[in-house]
Structure formats: C-alpha cells, structure tokens
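Chains as they are written, first to last, in the working numbering: chain A, 1 to 618; chain B, 619 to 887.
It should be emphasised that the hints constitute simulated quantities derived from the structure, not laboratory data. Careful: at least some of the hints might be erroneous.
[To be verified] Taking lysine-lysine pairs in the DSS-like style, the calculated list, with each CA pair at most 27 Å apart, reads:
no.: 1; chain 1: A; residue 1: Lys366; chain 2: A; residue 2: Lys566
no.: 2; chain 1: B; residue 1: Lys787; chain 2: A; residue 2: Lys366
no.: 3; chain 1: B; residue 1: Lys812; chain 2: A; residue 2: Lys450
no.: 4; chain 1: A; residue 1: Lys450; chain 2: B; residue 2: Lys787
no.: 5; chain 1: A; residue 1: Lys366; chain 2: A; residue 2: Lys347
no.: 6; chain 1: A; residue 1: Lys578; chain 2: A; residue 2: Lys596
no.: 7; chain 1: B; residue 1: Lys787; chain 2: B; residue 2: Lys812
no.: 8; chain 1: A; residue 1: Lys566; chain 2: A; residue 2: Lys347
no.: 9; chain 1: A; residue 1: Lys592; chain 2: A; residue 2: Lys566
[Unchecked claim] Some residues of chain A that are not near chain B, with every Cβ distance over 10 Å (derived):
no.: 10; residue: Ile303
no.: 11; residue: Pro307
no.: 12; residue: Thr315
no.: 13; residue: Ala593
no.: 14; residue: Pro610
[Unchecked claim] Covered, in the sense of this in silico footprint (three residues per stretch, anywhere, with C-beta under 8 Å from a C-beta of chain B), are these stretches of chain A:
no.: 15; stretch: 433–440
no.: 16; stretch: 448–461
Since we're looking at a predicted model, the values are computed, not measured. Virtual Cβ for every residue (Gly too), placed ideally from N, Cα, C.
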Amino acid sequence: MSEILEDGALGRAVPFTGNAEDAVSGPHSDPGGTSSAIVDLTDITYTYEGETSPVINGVSLRVEPGEFVLILGPSGCGKSTLLNVLNGTIPHTLRGELGGHAVVCGKSVPDTKVTNFATEVGMVFQDPEAQIINTRVRDEVCFGLENLCRPADEIMARQAEALAYVGLPDAGDLSIFDMSGGQKQRVSIAAVLAARPRLLVLDEPTANLDPAGMAEVFAVLHRLNREFGTTIIMVEHRVDELADRVTRVIMMDRGEVVFDGKPRAAFARRREGHSEEAETIATSAWFPQVSEFALELATAAGIAVAPDVMPLNVTEAVAFAEGVMARGLVQATAKPAAPESAAPGEKLLSIRDLTFGYTRERPILKNVSLELETRSIVALLGQNGSGKTTLARALIGINPVERGTVYLGDRDISDLGPREISAEIGYVFQNPDHQFVTDQIDEEVAYGLKVRGYAEDFIARRVDEVLDIVDLARYRHRSPFNLSLGERRRLSVATMLVLEPRLLVLDEPTIGQDHERAQHLMRLMDRLRERYGTTILMITHDVRLVAEWADRAIALRGGGIAFDGKPEALFAQADLLKESALLPPPIFEVSKALAKTHPDRIAGPTLSIPDLIRSMIA
Amino acid sequence: MSRSTVFQFRARDSIFHRADPLTKFAWMLTVSLLAFGAYIAWIQIAITVMVLATALILARITVREILQGTWPFLFACTSFFVIQTLTLPGTTEIFRILGKPIYVESADYALASALRIYTIILASLVFVRSTDPRELAIALVTQMKIPYRIAYAFFIALRIIPTIEEEIKIIRSAQAVRGVVRQRGMTGRIREAKRYAMPLLVGALRRASTMVMSMEARGFGAYPQRTFVEAPHMGFGAQVACGAMLLAVVGWYTALAVGVVHSFYVFAP
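The shape of chain B in the complex, shown without the other chains (with noise of 0.2 Å):
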C-alpha cells in the first residue's frame, strides 16, 4: 500500500554496501568538509561529479532514485543559484536579462554555494541508502567504544524516522479525507503541524512503549556488555582509505589557508 521511503536504508550488492559503516561515514564527512572550502564553482563541480560517481557506480543507486531523493533539494539549490545569480554584485558583466547584467563572479559564487548543499544532501544520501543503520550502530559500539545503550538509541532513532514519515502521510491523507487543506505560508504550516502532532503523538507513544516492553523482555540492558554476532569490521583498505581522506581534508584546508588554489570562472565569456 505505502510507497518506500527514498531516504532510507536499501539492502543491495554494491561495493559501498559491503564497505564498513565508519568508512562510509568518514567518507561523507570528507566530502561535506571538502564541499564547505570551496567557494569556487568548479571545484564543487569536480566534488559533485565525483558523489555522483560514488552514487552510480559504487553504491548502484539509480538516477531516478536520486532525483526521487533530493528533487526538493534540486529544486531549492536552483532557486538559490538563480536568485543569488541575479542579485550578488560582480564586475564581469557576461549578458543582460531584461536590461540587468549578470557577472562572472556572482553566477561563479552563486553555483558553488548551491552545489555546495547539494553535494552534502547528495553525500548524505548515499550514505543512508547504503548502511544498515543496524550496522552503524554495532560499528559505533565495537569500533568507537561507545555504549551500546546510547548506539542502540540512535539507531533506534534513524529506525523509526520512515514509520514516522508513513504515519504522517497516512494522517494527512485521513485528515484530507475530512477536509482539511493543506496549508501554505508559515502559520498554515504551524496550524498543519498542530493537527497532525496530536495523532502522531499518541501513535508514537504507543509503538515506543511496546518496543521497550519487547526489548526489555529479551534481555535488553541485563548486562553492561553484550555480543555482536556479525560485527562490520574495517579491514586494512578501509584503513588506508580513511587516512588518505584525512590527509585530503588537511591537505585541502592547508592549501585554502596559504593560498595556493587558484580559481578559474566556469561562466567566464
């Protein structure tokens, strides 16, 4: 009945599915710290290619799941390029729309500050398709020490966001159904959400208590330990890929601060 939800965990056999959820993790945020340097458009294109890449090939994820994925964000992103196209100051004039000029260095500054996000957005995509937050979860226990309660909690976390997002579409189809429009403009959005918490709240309340009355009935918490049957593991090459992206991001830090990136424009006439 219910369509899946894009932002979410797809078991699949990819080379990035079969790699350890610390390395992927590590690898988005490469990439996110990496995309917040640069102000210059085409490095953010190289950045965005090579996501696109990761996406396509090492992670198998379709075009059309990407578009069903970030179309919002797509959508968002090309407003802000266009918007700030128009309205950010610059000295190259390229041409004229309707007798106002459009420069080089804003429309340069404009397309690097929206693949800047879209890039992130994309990144994270990738990731949350990939790994089992499951996983994640173990990895952050057995790789990062933390306490397996509070890894749990997270997971537990990311685990119930797609119900939440079912049950929030079934509500406002059921609420549609008696009516109700939906709202444009902040207010509209405040009254929407009120109407919604309500039956979210007490549907959410109920499945959180039953999953700590099934959790607790098998044992969740007796000991300060527990085993992990399956444990990711980060071999050698998850290793040698994970300091190589942090001498990436030194790297690439050290040179913005001294100076040594040189830019180009992209729309340069």
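Excised from the complex, chain A in its bound form (with noise of 0.2 Å):
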C-alpha cells in the first residue's frame, strides 16, 4: 500500500483500494491467498434469532476486487440482510443461525469480529441522521481511526484527504446539523472512507436525499470506482442514474440471487419477483427508464433486445430508438394509451401571500399564494429545506398561519380547529408509525370516526368499507406494528381515507419503498381520485412518480413558488431544474433528442414510455 499524500496531490495519490498492512489483524485471516475474491460467500443461509423462516437462503457470491455490484429486489428479499453479512455483523451483532462459508477480505466472516473488519469494510447506512455519532465534521471522520489507536497527525491527515475526495474540503468545523442530506451522506461516505476500507458496502445511501444530493453521491462512488478501483456493493433503488455505473447486477427475491450478470444482461429481459406481501411483482419495476423504454419499443417492433445492446443511459436510449426507426416499426405498442388527466374541478383551497417562518427573522416561506381544485393530483417538488413540508402543514394546521391567507373553500383555516380541518384534509406522515395510536388494524381505522361522534354501526360499515379498499380486511385484529412497511403506509392511508378526506397530502410516499410499491400506493391514490373527487397533494423526489402520475407540479426554490404547472412544462425548464436539484426523466430527455432529429415525427418531449412509441409509430 502507497503512502498518502505523495507530492501533495490529493485527489491523484489517495488510494482508498484496501489497506493490508493497516488492517487490524484477524486471528482467522487467510493468508493462503487461495482466492484472490473481496467477497466469497458460498451456499449462505440466515435466519434471525426468533424466526423459523430464513432470510436468506442458499446464497453464493463472490465478488472480484474492483467490480461495482448494485443488489436490486423487492423490499423483504433480503438485500439489506446479506450487506451484513459482509462485516460481521450478522452473525455478531445481529445474531441468528448463519449457514454456509463466508470468507470477506480473506478473513472467515463467523470468526472474525465487527471491530476487525474496520479497515477492510467500510459500511454506509441509509439515514444519515441515524449513523453519524458526532456534531462536528471533522471529528465524525476522525472518530473509526481513532477507535483504532492510530496516531494523531496521520488521523488528522486521512481526515483531511477524505474530506477533500468527498468534495468537502473545507467542512471540518462544521455542524453536521447544520448540513444537507447530500452533504451528511458524503461525511458519512468520509468517515469510512478515512479508514481506507478495499470494500464500500451501502445499503440505499440516497433513500433520503433530493436528485441533487443523489447525484453528489453517486458521482462520489463512481469516481472511487473507476480512479482508484475502490470494491462497491450497493442496494439501491433509484437506478436510472447508476445502471451505466455499475459493473454488475444481482437481482434478489424471497432471500434467494435469481440473477446476477452484466447490467445490459440484468435489463434485458423480464422476470418475476415476489413483494413482502407474497404479491407476483414484474421485476421490471426497478428496471431504469430508457431499458424499460427499449424493450418496449423492441415488442412495438417485434423484434428482441440482445443483452449486449440494451440502453443504460439516455445517450445509449436514442441510439436504440434510432436504430430501430431506420428498421421501421411493425405493430403498436402493447401498453394501453395512458388515460387523459381528468378535468380539473371545483375549486378546494387557495393559498394567499402566506409568509411563514418559525422565527419572523428566519421565513421559510415567503408570499406564497395558489389555488388547488378538487379530483387532481399535484406533486410538491424542491431541494430539501424548500419549505414543502412546512407549507403542507401550514395546511392543516400543524404550522398556524395568519388569518385570510389559507381558505377551505370559503373558510378561513384559522378559525376552524383541528378535528374540523382533518375531517377534510388528511395528512399521510413519511413514517407511517407516527401516527398510529391504537393496538389493532380495525380500531386503528375506526378512530377517526370514533372521536368525531359517529354512530357505531356506521362505523363498521365504513370500516369494512376502506379496509377492503386498502387491501387489509384480512389483517384486520392485527398490531399495526406487525405490518411490513408497505401495508402500514396503505394503513396510515386508511385511517385519512375514512374521513373521506377532500384533500389527501402524502409526505415523501416512495422513500424506502420500492417502485413497485410506490406505484401500488399511486394506483389506491387514483382511485380515491375517481371515487371521491379527492386530491392528492404529493411531497416527493420521484421525478419518475411525477412523471406517470402528476398532472400538475409545483416547485418551490428557498420558500417561494418557483414554477406552477404542467410537469411537462416544468421538466423543459433546464436552468430552474438546476436551481431546484431536481433532474428530468429519463424518458424525457430521449424524447427531447428525438424530437429534436425526427421533428416530422415526434412533436416534442414526453414524460410517458407509450406515448413516446405511439409518436414514433405514428
């Protein structure tokens, strides 16, 4: 291993590729050298201490020096649990019945500690909140070496290198409370990064970050990667802006690998997964866009994809499409035509100049007015600390606001109370738990109802009525603790459903979902749409939620209105998309470059897979 900081160049002599000789040493290490594999897991099965059922089942993998795997499944396959394995922390932290041979950095994973895997694996976690232990930057990047007795000046020294290849040179005083999402991640990234670790393992480190902070991040591992050949295995979601990075795919479902390949191989061709609820899930739902738009241009057609060409990228999606122009197309696409945004109706709530702040030297919001109709869905977009969350619960009442700048129709929201405004606006909180107050499912459901002096056997009847709506009649005795997180979301939805509500806000619906699942909780969301004129108020991220489901989009940018409507219209806006950290679709940039070299057929830039090849068809 290389000295640090060879001639002063930072970013060139930093080689963050493992660390023999500074590793703690393992008293079951495997000096042999028989395999020259990261990682070697062979036949790897896990249950938890309690369970009967495993986790994980059968698993083999092995992982060469240099490789950057991305772990893709649905919520329950046990993604996060195998990242586990790799540090020891299952079977000695987490403990459990661990099956089968694991070998991590040459050292037996079952005989060697946590602790003594510190220089080999670097581990980041989702929350950046949860996983940083200090308030100062530097002392979080600082706090793993000094765990291992290194000495001061080199301490100081790796810190500062780390610091710099995150791209947070000069950060080391700062309050990591004072940071953003993306900032506390990439100290997160720091912090590991300062031990030298050959292996990056992380667990969906950008579930809760904004496009901008995601990109911080990815650009960060991608650079680890390709400069100095740094081990990454990553679960993540959000793989439109990582399938062109990484260098190979496993696929998961139900604790067991049921593909692991090339990316182009991965998005090749369609397979079946299964949800935590046992549901038949199409594993292209974590899919990225422009692969998802391949292949369905491939069967519009009829032709097939060969793993060795399928589109990663929007560069790689219009070569595609292009080639497959030159061919001609032979039959429509299979997908049913998206259907028309419904008309927008009556009016529902209007915002006037409202100016809000939780100290009046400091507004998060300033001079914001709209107006919002019944039977629509608007996404609430913005970098984190826009002011979304703030001004959605300026609207029921959870910030108070000056009297004549909220209106409920004609009612003025200040002088209506709490139980009033819930009765017609719901609030779905990101952490559905937070809002759960009593110990069964039907109860749960029936609370609503119950405080506000409804009779008993109506408040069956509708029970009955929305449980069945939310798919959870059969759960219905349950803890709401006992759900996976997806039904407690649908949960946390019927408890404001019951209410019939006449505007439903869902706070960040997709973190730590997956697409399938988001999209499951988007097709509840239509219904109610159809079936009671609701309106759907979405904070989110999801540039690909917004995208499919939207049919207006409100950007905030430092407290104020930034961009009010289309979502179209919104992802043209290259300059305010920038200013606002937010990145357009994937789809919509093939389409923009279509459009620009075939204007004869493609109008201009879609958000949507089947109108895009209709376009091209036509």
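Put the two chains together into one complex, using the hints given.
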C-alpha cells in the first residue's frame, strides 16, 4: 500500500483500495491467498434469532476487486441482510443462525469480530442521521481511526484527504446538523473512507436525498470505483442514475439470487419477483426507465433486444431508438395509452400571500399563493429545505397561519379547529408509525370516526369498506406495528381515507419503498380521486412518479413558488431544474433528443413511454 | 422544517465556548451548590445576576434564547413565588391583598426559593448551550480517567435527546392530524405518553440499532484505549478558576455553618 499525500497531490495519490498492513489483524485471516475475491460467499443461509424461516437462503456470491455491484430486489427479499453479513454484523451483532461459508477480505466472517473488519469493509447506511455519531464533521471523519488507535497526526492527514475526496475539503469545522442530506451522506462516506477500506458497502444511501444530493453521492462512488478501483457493493432503488455506472447487477427474490450478471443482461429481460406481501411483481419495476423504453419499443417493433445492446443511459437509448426507427416499426405498443388527465374540478383550497417561519427573522415560506382544485394529483417538488413540508403542514394547521392566508373552500382555515381541518384534509406522514394511536388495525381505521361521534354501525360499515379498498381486511385484528412497511403506509392512508377527505397530503410516499410499492400506492390514490374526487398533494423527489401520475407540478425554491404548471413544462426548464436540485426523467431526455432529430415524427418531449412510442409509430 | 431545540449545544465563538468542558461543569456545580445553600433573597439575586451576566457576556447567549429556553421554568418559578408569598407565615406585614396580609419574611423566603430553582436551570442552559457533548465525553476520559465506552454512552445519550424531542414533536403533529387532542391532567398525560411510546420506541430502537452497527463497523471497542485528536485541555487559568470555585463553595458553607452570613430583607418596608 503506497503512502498518502504523495507530492502533496491529494486527489491523485490517495489510494482508497485496500490497507492490508494497516488492518487490525483478524485471528482467522486467509493468508494462503487461495482466493483473490474480496467477497466469497458459498451457500449462505441466515435466519434471524426467534424466526423460523431463513431471510437469505443458499446465496453464493463471489466479488472480485474493483467490481461495482448493484443489488436489486423487492423490499424484504434479504438485500440488507446480505450486506450485514459482509462485515460480520451478522452473526456477531445481529444474532441468528448463519449457515454456509463466508469469507470477506480473506477473513472468515463467523470467526472475525465486526471491529476487525473496520479497515477492510466500510459500511454506509440509509439514514445519515442515525449513523452519524458526532456533531462536527471533522470529529465524525476521525472517529473510526481514533477507535483504531492511529497516531493523531496520521488521523488528521487522513481525515483531510477523505473530506477532500468527497468534495468537502473545508467542511471540517462545520456542524453536521447544519448540512444538507447529500452533504451528510458524503460525510458518512468520508468517515468510512478515512480508514481506507478495500470494500465499500452501502445500503440505500440516497433514499432520503433530493436528486441533487443523490447525484453528489453517485458521483463520489463512481469516481472511487473508476479512479481507485474501490470495490463497491450497494443496494439502491434509484437505478436510472446508476445503471451505466455499475459493473454487475444481482437481483434477489425471497432470499435467493435470481440473477447475477452484467447490467445490460439484467435489464434485457423481464422476470418475476415477489413482494413482502407475497404478491407477484415484475422485476421490471426496478429497471432503468431507458431499459423499459427499449423493451417496449422492441415489442412494438417486433424485435428482440440482445443483452449486449440494451441501453443503460439516455445517449444509448436515443441511439437504440434511432436504430429501431431506421428498421421501421411494425406493430403498435402493447401497453394501453395512458388515460387523459381528468378535467379540473371545483375550487378546493386557496393560499394567499402566505409567509411563515418558526422565527420572524428567518421565514421559510415567502408570499406563497396558489389554488388547488378537486380531483387532481399535484406534486410538490423542491430541494431539501425549500419549504415543501412546512407548506403542507400549514394546510392542516400544524403550522399556524395568519388569518386571511389559507382558505378551505370559502372558510378561513385559521377559524377551524384541528378536528374540522382533519375531516377535510388528510396527511400521510413520511413515517406511518408516527400516526398510529391504537393497538389494532380495525380500531386504527375507526379512530377518526369515533372521536367525531359517529354511530357504531356506521363506523363498522365504513371500516369494512375502507379496509377492503386498501386490501388490509384480512389483518384487521393485528397490531399496526406487525405489518410490513408497505402495508403500514396503506393503513396510514386508510386512517385518513375513512373520513373521506377532500385533500390528501402524502409526505414523501416513495422513501424507503421500491418502485412497485410506490406504484401500488399511487394506483390507490388514483382510485380515490376517481371515487371521491379527492385531490392528492404529494411531496416528493421522485421525478418518475411525478411524470407518471401528476397532473400538475409545483416547485418551491427558497420558500417561494418557482414553478406551477404541467410537469412537462417543468422538465423543459433546464435552469429551473438545476436551481431546484431536480433532474428530468430519462424518458423526457430521450424524447427531447429524438424530437430534435425527427421533428416530423415526434412533436416534442414527453413523460410517457407509450406516448413516445405511439408518436414514433405515427 | 424543524425548530432547533433550545437545550442543545450551539457552536459559537465566546469565552465560555472556548473554556474546557470540565471547568464549565465545575462552574455549573458551584453555582448549584451556592444556590442550594442560600435561603436569603439578596444572595440569590446576586447569584442569579452573576449567572445571567455569564450567559449574556461570557457565553454570548441572547436574552431571547434565554427566554425561549427557560420560559416554562420562569412561569413555574413565578407561580411558586406568588403561592409561597401568599401562604407562608410571617411577622412583618408589608401590605394587604384583598384583606390578606403579605409578610416580609414570607416574600423574601419565596423569592429565594424561586430564584434558586431558576438559577440552577439557567446555569444548566448556559452549560448545555456552550459545551459540545463530545468534548465533555473526551474530557471525562482524558482528564477524569473514565472508561471511554462509558463516556461515549453518556455522550450519545446527550446527542440523542434533541432527536427524540424532535420526534416527539412530529408524533404529536401526526397524531393531532388523526384527531387526537392534547390531554390535560395526570391521567390524560399518562394516556398521551402511552400513545407516543410505541412509535417512539420503534423509531428509537431502529436508530439505536443503526448507530451500534455504524460504531462497531468503524472499530469502536476494538481496543481498551483509543486516540483522541484535539482533546480539550484544562489550562493553568482554568485550574486556578476551579480552585477558586472550590474555595468559594467551602467558604460559603463554612460561613453558613458558623452563622456569619447576615440577612436583610429585600421586601423590607
């Protein structure tokens, strides 16, 4: 291992790819060097303590140095559990029954303590708030090396190089609490990089980040892998920005590896997987949008896509489409056309010059004015900290507003009590657990009606109806906390739905959920809109969700409205997107590029794959 | 989105922020011990003024921040003062309210009692706002020779308090949306706490589990000792200050014991 800071050139000379001599010597190393693999798992089975069924079952995996591995699969398929085996958290911290043969960085996992993997395996978790120990950036980055008793001057040099590497060279003295989500996650990466691990393991590191934060993190990982050959194994749902950066994709389902190969091959064929609730789902639910487009286009053209030409980014998708167009399309796309957006309804809510802040000196919302109509799906977008949640909470009275600023129909919201507001406006919090107030699912749904004094037989009828809508009737006597995350979120929606609100606010409905679960939730929202004329206001960073479901997009920037209109119009404004830390969905970029070269066939950018293919056929 | 918690460390450039954590801890302890010993209003006023001056000048905490952090206690102490003044017996009457006599002795004792509580709260606020919990934990290890695992447990407990406070606020808001009305009285508060407990516990366990995994993965506990870069150091001046504080406490309790502290009544007519 070469020394750091060669010629003072931080970026050039920093090797983050292994540290054999610095490693805390494990008692069970594999010095024979029979295996060059960083990870060598054979027939791994793991059952959590107190459980009877294994979470991972017969998984074999061999990862060579320099690979960038993306693990995909539905929630509950065992992805995170597998990651926890890689540094010995399983079986040493999370106890249970581990079977098979697991060797990581030459050390036998069952025989090596977690702390002895500290210089070999760097772990980055989903929630930066939960994994960060210290309050100051420098202290956090020094933490690991201090634990390993490295000399102070070496620690200071290494923390400086790690911070420089993640693009935060001057952030050492900053308070972590004052940083954005993307910056916090970069600090977390720097904190493990300082120990120069050979293997970097990340569990959905961008789940809580806005698109700009996500791009920052992916850029750092890409550079680590390409320039320094750091081996990376990562679980992540946001594949659009990752597909062309990883070298290998592993798909898991019900604890087993169902695909292991190159990214192009991974996304060249649709397979089936199973959700945590045992429903069958298509693995294409977590394909990159450009690959989905290529598959749809190939179907429409009546051709098969060879795995080696499956596009993984916008440029490749455009080239692929050009090639197919040159051969001529022979049949219409199998997917039905997306329904036209429903006609706007009547006036529901008005906001007039709303300014709000927790202190007078620092207003978070500045002169916000907007109108919401019934029967629409509205996306509220913007950078972390732009005021989205603050605005949504002002609508339900959590953030008190001045008289004359928010009207529900013709009534000033400041004249209404919490129960009157919540009868008309529902709010599904990011973490559904926060909203549960009883010990049983049917009681949970009934609660809102009970506190409003409805008759018992009416409540019973309504609860049955709503539990059917959200498909939870079979669990009605269970505790809410015994459900899966997707089910808990549906229950949270049900508790609001039972009151038939005219407006339902969803706070980050896709965080911690795979694409299929998010789609499931949005299908439910669409049914609500159709059935009750409910307006859905969703706070989200997920531009694909916006593109697929929203009738209208509102972008906040610095507490003011930077955009209010059709999603297509929003994604056409490159400067605005950049300033609001948003990225357009890949299909928009593909259609934009194709419209430039084929203005006769493609009128302009679109947000829908079927729409684009239809216009190509026409 | 969230309001920052008032009882939480905030980095700032002040004499008190720069002081080493153990000296500040000794200051807080001294203030508390001095305040505990005195049932005499003028002495409590002097101590309160001293603590207030420390907060405003040495720790650069604003009046607004002090009020934000201590208003519930200020309200409680004022109520305490009024109730005691009205109910405690005395001999020297100052004036009457609705025919009820108000005595010098009771007013003086009530003021001393109320200020004693408020002073200790204020000193705690100054200490918490100006002391990085991590520095305190390191000082406990490097200067007090406490095992680092114990010191870090203490540090993480302090570090997590604002997060839990924030989560309680979110749960309260989330449940208000369900139509849950804030409960009054002891039974109501217990029922409310029960409703918060489950989501709070689930969240806390999840976070604690991630924190433990994150710490172990970075070698925490690998060795009996660990390196501390930038460990706080108690300089000569701080040592002298600590000595002076010790003398002040010993002198104060000795003076009280031998009865050389004489009183005059603040509310004397």
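Assertion that proline 610/A lies outside the chain B interface [Cβ separation over 10 Å]:
holds (37 Å)
Would the pair lysine 592/A and lysine 566/A pass a check requiring their Cα atoms to be no farther apart than 27 Å?
holds (16 Å)
Checking one constraint from the list: CA of lysine 787/B to CA of lysine 366/A, max 27 Å. Satisfied?
Status holds; Cα separation ~24 Å.
Regarding the pair lysine 812/B and lysine 450/A, is the alpha-carbon distance no greater than 27 Å?
The given pair, whose Cα atoms are some 19 Å apart, holds under the 27 Å limit.
Checking a non-interface call: every C-beta of chain B should be farther than 10 Å from the C-beta of threonine 315/A. Is that right?
holds (37 Å)
Against the 27 Å threshold, does the CA-CA distance of lysine 566/A and lysine 347/A hold or violate the hint?
holds (18 Å)
Does proline 307/A sit more than 10 Å from chain B, CB to CB?
holds (36 Å)
Beyond 10 Å from each Cβ of chain B, as asserted for alanine 593/A:
Non-interface label stands for alanine 593/A: nearest chain B Cβ at 37 Å, farther than 10 Å.
Hinted pair lysine 578/A and lysine 596/A, Cα distance within 27 Å:
The given pair, whose Cα atoms are some 22 Å apart, holds under the 27 Å limit.
Are the Cα positions of lysine 366/A and lysine 566/A separated by 27 Å at most?
Satisfied, since the Cα-Cα distance of roughly 22 Å is no more than 27 Å.
Do the alpha carbons of lysine 366/A and lysine 347/A lie within 27 Å of each other, as the hint requires?
holds (23 Å)
Beyond 10 Å from each Cβ of chain B, as asserted for isoleucine 303/A
holds (47 Å)
In this structure, none of the earlier numbered hints is contradicted; all agree with it.
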